[in-house]
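Undergrad: So the protein lines, in turn, are chains A and B. Residue numbers 1 to 456, in this note's numbering, belong to the letters of the first sequence in order. Residue numbers 1 to 481, in this note's numbering, belong to the letters of the second sequence in order.
A couple of the hints might just be wrong.
Claimed, not checked - Below, a list of computed lysine-lysine pairs in the DSSO-like style, where the Cα atoms sit at most 27 Å apart:
(1) B/K352 with A/K362
(2) A/K58 with B/K399
(3) B/K346 with B/K61
(4) B/K44 with A/K362
(5) B/K167 with A/K58
(6) A/K347 with B/K399
(7) A/K53 with B/K280
(8) A/K301 with B/K44
(9) A/K53 with B/K64
(10) A/K53 with B/K167
(11) A/K78 with A/K39
(12) A/K379 with B/K74
(13) B/K44 with A/K58
(14) A/K379 with B/K44
(15) B/K147 with B/K44
(16) B/K74 with A/K58
(17) B/K346 with A/K53
Because the hints were derived from the structure by calculation, they are not lab data.
Next come the chains, spelled out residue by residue.
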Amino acid sequence: MSVLIDNTDLTLRLAGHFREAEALLASGSPELMNLPRKKAFQDFIAQGIPTRKSENYKYTNLQPAFAREYHFLHQRPKIDFKPGEIFRCDVPQLDTHLVILLNGWYYEENSPLAGLPDGVFLGSLEEAARKYPELVAQHYGSLAETVADPLVALNTALARDGYFLYVPKNVRIDKPIQVINLLLADSDAYVTQRNLVVAEPGAEVKLILCDHTLNLNNYLNNSVTEILIDENASVDYYTIQNQHNQSASVNSVYIRQMENSHVTTNTISLHGGLIRNNLKVIIDGENSEANVYGMTFLDRKQHVDNFTQIVHAKPHCQSNQLYKNVLDEESSGAFTGQIYVMRDAQKINAYQRNNNLLLTDKALMQTKPQLIIEADDVKCSHGATIGQIDEEALFYLRARGIEEKQARLMLMNAFAYEVIRQVKVEPLRDRINELIEKRLRGEISRCHECAYHCNC
Amino acid sequence: MEDQDRILHEVTQREYKYGFYTDIETEIIEKGLNEEVIRTIWEKKNEPDFMLEFRLNAYRKWLKMEMPDWAYLKIPPIDYQAISYYAAPKKNPKYESLDQVDPELLETFNKLGIPLEEQKHLAGVAVDAVIDSVSVKTTFKETLAEKGIIFCSFSEALQEHPDLVRKYIGMAVPVADNYFAALNSAVFSDGSFCYIPKGVRCPMELSTYFRINAANTGQFERTLIVADEDSYVSYLEGCTAPMRDENQLHAAVVEIIALDRAEVKYSTVQNWYPGDKDGKGGIYNFVTKRGVCRGESSKISWTQVETGSAITWKYPSCILLGNNSVGEFYSVALTNHHQQADTGTKMIHLGKNTRSTIVSKGISAGVSDNSYRGLVKVMPGAVNSRNFSQCDSLLLGDKCGAHTFPYIEVGNKSSVVEHEATTSKIGEDQIFYCNQRGISTEDAIAMIVNGYAREVLNKLPMEFAVEAQKLLEISLEGSVG
Numbered sequence: 001m002s003v004l005i006d007n008t009d010l011t012l013r014l015a016g017h018f019r020e021a022e023a024l025l026a027s028g029s030p031e032l033m034n035l036p037r038k039k040a041f042q043d044f045i046a047q048g049i050p051t052r053k054s055e056n057y058k059y060t061n062l063q064p065a066f067a068r069e070y071h072f073l074h075q076r077p078k079i080d081f082k083p084g085e086i087f088r089c090d091v092p093q094l095d096t097h098l099v100i101l102l103n104g105w106y107y108e109e110n111s112p113l114a115g116l117p118d119g120v121f122l123g124s125l126e127e128a129a130r131k132y133p134e135l136v137a138q139h140y141g142s143l144a145e146t147v148a149d150p151l152v153a154l155n156t157a158l159a160r161d162g163y164f165l166y167v168p169k170n171v172r173i174d175k176p177i178q179v180i181n182l183l184l185a186d187s188d189a190y191v192t193q194r195n196l197v198v199a200e201p202g203a204e205v206k207l208i209l210c211d212h213t214l215n216l217n218n219y220l221n222n223s224v225t226e227i228l229i230d231e232n233a234s235v236d237y238y239t240i241q242n243q244h245n246q247s248a249s250v251n252s253v254y255i256r257q258m259e260n261s262h263v264t265t266n267t268i269s270l271h272g273g274l275i276r277n278n279l280k281v282i283i284d285g286e287n288s289e290a291n292v293y294g295m296t297f298l299d300r301k302q303h304v305d306n307f308t309q310i311v312h313a314k315p316h317c318q319s320n321q322l323y324k325n326v327l328d329e330e331s332s333g334a335f336t337g338q339i340y341v342m343r344d345a346q347k348i349n350a351y352q353r354n355n356n357l358l359l360t361d362k363a364l365m366q367t368k369p370q371l372i373i374e375a376d377d378v379k380c381s382h383g384a385t386i387g388q389i390d391e392e393a394l395f396y397l398r399a400r401g402i403e404e405k406q407a408r409l410m411l412m413n414a415f416a417y418e419v420i421r422q423v424k425v426e427p428l429r430d431r432i433n434e435l436i437e438k439r440l441r442g443e444i445s446r447c448h449e450c451a452y453h454c455n456c
Numbered sequence: 001m002e003d004q005d006r007i008l009h010e011v012t013q014r015e016y017k018y019g020f021y022t023d024i025e026t027e028i029i030e031k032g033l034n035e036e037v038i039r040t041i042w043e044k045k046n047e048p049d050f051m052l053e054f055r056l057n058a059y060r061k062w063l064k065m066e067m068p069d070w071a072y073l074k075i076p077p078i079d080y081q082a083i084s085y086y087a088a089p090k091k092n093p094k095y096e097s098l099d100q101v102d103p104e105l106l107e108t109f110n111k112l113g114i115p116l117e118e119q120k121h122l123a124g125v126a127v128d129a130v131i132d133s134v135s136v137k138t139t140f141k142e143t144l145a146e147k148g149i150i151f152c153s154f155s156e157a158l159q160e161h162p163d164l165v166r167k168y169i170g171m172a173v174p175v176a177d178n179y180f181a182a183l184n185s186a187v188f189s190d191g192s193f194c195y196i197p198k199g200v201r202c203p204m205e206l207s208t209y210f211r212i213n214a215a216n217t218g219q220f221e222r223t224l225i226v227a228d229e230d231s232y233v234s235y236l237e238g239c240t241a242p243m244r245d246e247n248q249l250h251a252a253v254v255e256i257i258a259l260d261r262a263e264v265k266y267s268t269v270q271n272w273y274p275g276d277k278d279g280k281g282g283i284y285n286f287v288t289k290r291g292v293c294r295g296e297s298s299k300i301s302w303t304q305v306e307t308g309s310a311i312t313w314k315y316p317s318c319i320l321l322g323n324n325s326v327g328e329f330y331s332v333a334l335t336n337h338h339q340q341a342d343t344g345t346k347m348i349h350l351g352k353n354t355r356s357t358i359v360s361k362g363i364s365a366g367v368s369d370n371s372y373r374g375l376v377k378v379m380p381g382a383v384n385s386r387n388f389s390q391c392d393s394l395l396l397g398d399k400c401g402a403h404t405f406p407y408i409e410v411g412n413k414s415s416v417v418e419h420e421a422t423t424s425k426i427g428e429d430q431i432f433y434c435n436q437r438g439i440s441t442e443d444a445i446a447m448i449v450n451g452y453a454r455e456v457l458n459k460l461p462m463e464f465a466v467e468a469q470k471l472l473e474i475s476l477e478g479s480v481g
């Protein structure tokens, strides 16, 4: 019972906060972001902060994260901040169009982006909503339903800024776009980030998202990203999560694809106290393909939950899902993957696989692969394994004179590489691979390149 | 295609052959549920005092519970006050010999192909026949008694072995385990009880046959099987019901307790009336089945062939408490027309070196929905445990659904859990291959479906396997995906 009471208390606390902040939120925001606020908040109240009793959050308890007192960042942060000094991207030879988001806000001092093709917009969502209200209004909130997820509802109610990327018809951006999300506040902070990506017909773009925390305060980050991919367009979306152990992060990504489009997502979680990644891909056009990958390394008491849904609404499409977890110490991992083939969406190939390695007796893995199939001419399968390194493979290597520790490392590396090789940006792939190798060898036990050598 | 449509049409037109109703004089109590009704049932059955407490406790807990809504089922609201909770064939409830059994009743069981007459008996199956949740006849009792095996109706067990029942009832399925189990615990009228003493290998298959006959009643029976150390028993269960336009509720509980090195094999062929082709009528089948492997190296094996019921909600489970214990679940679930099934298993690994196997084969046709839902949970202490699960779905038609909802939770590093699931239809190439060799489309499909389900059918005792195979053929020969 106490959980229920707590939940009501927390929800009420947020309700109180929302009433106080409502005017502030509304005053600075463009009309189209203000419109859905009220209803979104009602939807949030109706659902409450999810408990483990709600099926979609069965394996992730958000209560402790919400129970802390946070400072809400409803205004553009005024922090004296030189990105070059406190943070630099440490991937060598990675040539990208780079922008920084600070605490969910598009950082105004971002250096102007040179070399982006004509017509491409990359910038603040708030600014875009003023400049191109029709374009943004058409898509804002079109995928992220506030009735379906309380965190999406809360995000919509509190959203102020994030990034907006618009790639016009038949424009191909060769250099990847890199978005760095930094969390840096004076006190424990609740961060809301709302992003929108629109790829017009024939557009092609690669996005790299990097999540970092820059000090040791507690953060609760709730971000929602909507990605619309029109006909013949192609979007690659890589996320690298590297936050400290006191941070909690809920990322919801919604993707809709039209005919002949192509999407690849790859979510690599290297660090984070509590990470929940929601990913929903609606394949709403024929001959489209979605590839969804994820790799997670966990130790201490970290918790990572990948929650994916692939909706096949149209025939002749293909989807692949591959998620892998390596769990060490007392960490816990969760995976929920749903393939939903709607009626009359025939000729679908949909595959899903989830493999997990448990390295200790205190680690816990929970997985929930699901198939909901309502069309008959389909090939759908899922497989899930939880276990250890294959003893036979280990024996094979040892029989060839490789010592056990080394052999184990090789096998774990190979285990991870199946996901990593799907990263199509070479310098990034090499760097991730290197980080993972180090991580497996136990050489880095903290967020890499973190200035604070904390032991959190 | 035309051929396929025709065959599919034939399948949809086929009628349920056990849908007759027998005019037996039946004693039915008033509709409705309250403490008074529970007391009436208790009095009518002349049960020991602890049972009243057990029933009332369950009822009070049930009142506070809500009907579960997590299953992938559309369950129309059920009015629990519009059901009569006790219906029994009138006449002497106990029979010394077959001559005393109501000839109508005998006729019923003969029609169903249930051998109550011992001399005509097949290869030694002892039957406990339950009609409208009251046990009417148990065969071969004396033969079994020689070995010390107790096999009788639940009511009889409560009279003659109250201590045994008291010791084990609710051990696998606590009274408030879930909504339907609580309801059953409150109002169950009869069922079967079976006790296999230490070191005894039961010489024949034991069988319970359930039949709903009366209208507007629910059937709530309870089966309790206790296998003492080093014993073995194979238990069969079958069921049918008349065709009616209204839905009838069936909420049963089966509990199995296996002590050290005991083995219990439980097989079900469920063929309740599934409703007509428009989805009218049919049985709502909400069943809680659970076995506890209490002793080390014990084994519980569930095999089920589910072809009936309008709605099936059933998860035969194993709690693997003893070290080295083994749980198995083999299932074929077939849905047609408007049937809905949400069925699967739970394997809870608590003991060391425990092993479990799950093989589930779903077949959906018509506009039905067929879901597998299962949990494999390996607790931190269950080191070196092993599970393998395989859930396949076969779709016959483009209006039906096949769904898989496994839950896997592993809490230690030495256990290995594997799960795989596939969904597909019968390939045109497979049919073509058979056609080329002179096998008609209809036969080809029967062959393919049979082959698909064989892995599970092989686990059934022989007589049952034949019946199950026939059932599948009746429903499926010729359906082309």
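Undergrad: If you check each hint against the structure, which ones fail?
TA: 2, 4, 5, 7, 8, 10, 11, 13, 14 and 15
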